[in-house]
Amino acid sequence: MKGSFKEEVMKYRALIGLIIFSIIISLLTDRFMTVSNILNVLRQTSINAIIAGGMTYVILTSGIDLSVGSVFAFTGAIGAYLIASDTNVFLTILIVLFLGLLIGGFNGVVISKGKVQPFIATLATMTLARGATLVFTQGKPISTGASENAEAFAKIGSGYLFSIPIPIYIMVIVFALAYYILKHTRLGRYIYALGGNEEATSLSGINVSKVKILVYMFSGVLAALAGLILTSRLSSAQPTAGSGYELDAIAAVVLGGTSLSGGYGNVLSTIIGALIIGILNNSLNLMNVSSYYQLMIKGLVILIAVLLDRKH
Amino acid sequence: MNQAVFEMKAISKDFPGVKALDHVDFRILRGKVMALLGENGAGKSTLMKILTGVYQKTSGELFYNQEKVEFQGTRASQEKGIAIIHQELNLVPELSVAENIFLGREPINRYGKLEWKKMWENAGVLLDQLGMHFSPKTLVSKLSIGHQQMVEITKALSLNAEIIIMDEPTDALTTKETENLFRIIHQLRNEGKSIVYITHRLEEVAEICDYATILRDGKLIGEYDVKEINQDKIIEFMVGRKLTEQYPRVDCEIGRKVLSVNNLSNKYIKNISFDVFEGEIIGIAGLMGSMRTELAKTIYGFYPKEEGRIFINEEEVKINSPELAIKNGIAYVSEDRKANGLILSLSVKENMSISSLKTFKCFLSKIDKKKEEQVAHQYVDQMSIATPSIHQLVKNLSGGNQQKVSISKCLMTAPKILILDEPTRGVDVGAKKEIYHLINTFKQKGMCIIMISSEIPEIMGMSDRILVMHEGEISGVIHHSEATQHAIMRYAVGLKEENK
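If you read the sequences in order, they're chains R and C. Position one of the first sequence corresponds to residue -18 (the working numbering), numbered consecutively onward. Position one of the second sequence corresponds to residue 52 (the working numbering), numbered consecutively onward.
Here chain R stands alone, though its shape is the one from the complex (with noise of 0.2 angstroms):
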């Protein structure tokens, strides 16, 4: 009885430390806990929570991809080009999502055909993307301007539906998406067979640079989705933006309790860690605390959550 109570409690260990960091902050300040405050953060973590999501996959494959920040702001910068050319914003999307599954589709061939290590593989596309979207910027914000069009992209971003922001909805339908299929198709089953040994999955008949390139091809997709949120929300593109974004995406795989040598864990708990980043970031924001103690604090809080997970 006492062994399955700890079984349960392992279980959910995460959305358990999600809850009790909330009740803290929420003694700490009564501005937390309020429904707008609470919009705010899931509509802040939503960006994060996105990338993640792809992240997961590709940590639970035993990879790793940096190259999701360069990705999020090169197709950001290209969907706000196409916005500020007129293009339709149907067709703006689904190229930009296009391109993101395309660079992520690269890097799953160099890393499976080419035998790169993901590490190497996604070092490189990262600084590949990040150049490339300083060459494209010029080094300069691109804006959408003041089109009707622009104006319909914006709602991306920064449109709500029956008063909850919208990315929230895609974060929810992209972790729904996820969800189903890590948990009831034969790709989701793959990519945690590969994580745990990579030679058993291949000799059973497993084609395992497949999974792979599927893998960094949906962490691709994703983050060029993140880039278009954030695009459409400040109706223009950064050339540096998404910089650090990969590592707080594996932060917050990690933070979910996803090993990072693969095989173990799942994308829900993952939405969690993105939220425990999110909630630490907006509370000590509404504690004044200045951003330069908040980086400290945020890494300590890594360093522990990591440490208290490696016991088990």
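In short, the hints are calculated from the structure, not lab data. Every clue listed holds true.
DSSO-like cross-link-like pairs, simulated, lysine-lysine; straight-line CA separation at most 30 angstroms: (1) 308(C) - 483(C); (2) 96(R) - 378(C); (3) 94(R) - 389(C); (4) 193(C) - 96(R); (5) 389(C) - -8(R); (6) 60(C) - 119(C); (7) 191(R) - 422(C); (8) 421(C) - 191(R); (9) 191(R) - 446(C); (10) 94(R) - 318(C); (11) 164(R) - 446(C); (12) 188(C) - 168(C); (13) 421(C) - 378(C); (14) 94(R) - 412(C); (15) 94(R) - 369(C); (16) 369(C) - 96(R); (17) 191(R) - 369(C); (18) 70(C) - 60(C); (19) 389(C) - 96(R); (20) 193(C) - 94(R); (21) 164(R) - 417(C); (22) 389(C) - -13(R); (23) 321(C) - 94(R); (24) 227(C) - 193(C); (25) 318(C) - 96(R); (26) 227(C) - 95(C); (27) 191(R) - 417(C); (28) 446(C) - 96(R); (29) 369(C) - 412(C); (30) 164(R) - 409(C); (31) 446(C) - -13(R); (32) 164(R) - 420(C); (33) 191(R) - 420(C); (34) 321(C) - 96(R); (35) -8(R) - 417(C); (36) 164(R) - 422(C); (37) 96(R) - 409(C); (38) 164(R) - 378(C); (39) 389(C) - 191(R).
Note that the structure is predicted; figures quoted are calculated from it, not measured.
Given chain R's structure and the hints, the job is docking chain C onto it.
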């Protein structure tokens, strides 16, 4: 004259469920070369691991120069002058010869700076003693395997090794390198060093060894002067294992030809050709390094083929991945469940269905979990797998049950040809029997079975025909009615003609 530099008395070593060594008395004579001989699993490596302090004995005593010693680790044995040269050399390829020789013992001056000159000089002197003419500054990765081995020997000598163990040193060497190694072994022997030479190549025994120690099933068979013993006698001592276990061989009507392998070659195997018929078990015997597993994995599409063709039901098939092998009705049960047979982080059910998930597909490419679980239950019952649930992680199962999961996985792909690589390795006696019965039911259903095994009695007891491999080639084919352990071992060590 025959003075023992090292003695092991009544050494036993128990592993869970297995007695690896059983009261072995063993001695190493000063200034002599010993051939340590035995089949796979006879206990040679376990004995050497106890000698070098890697394993701790369960009982028995060790004596170095008549003085009782205990080795708690490899360091302790090194200090007594025992060095082992593994088949897989233990050198850092990116470092120079001198750096490898003195790794961890680099000469330094008082300020902690490396004394390169001294290191090169000392290494040079050692290499000269062995008649080696390459520079100590050469990177190890630039040397041939033969020369790398010499670096290992040099390193052993620099550690003042008195006893040098060599584990199948000539396996990767050319004829010329082998000659050179033998010259060095003679030289070391004349200098009073003792050599333990582990080999499967019996012709080498007469050439360079003085005496032979033979193990079988964890027991010492005896110590013989090589002048008084010939190769056939050695084989007889190596194999004389009693056929105590009853193998439930069944005779089936042999059907039509299903698999035909023609002149298959790649970097591991040479010119392999054989056929397998419906309802037939082909046993593949051979010693370590005979490339049996490599042959299996080549047929299975895991290793690329360089030459040769494979036919299934008289039709040529191109198999260059396990995925295609499974599509063509070939399944492979790996020899090493933990390393590459199973995915330990997944459950029993998930491991079973991983190769055949396509058959459980329903709407929106969702896995039909009901059907999947139903089939998993069916296999758990049919194979009598002892597991609390199909959702149990496979790493929590015993070896025999893991093996059954591994076999279930293959059966779920409905194979025509089943390759079993060491199907009973590391499983207990009861589970072994069950696995044999399962194999026979597959056979009766008309499946073609290729069974690789290091246990000769198992191969003899189960197979209809036996292929024996030696260094990547088929050295003999024996029908089960004519199979004797002696005949199999002769082929396995590469002897072709009868010499009495």
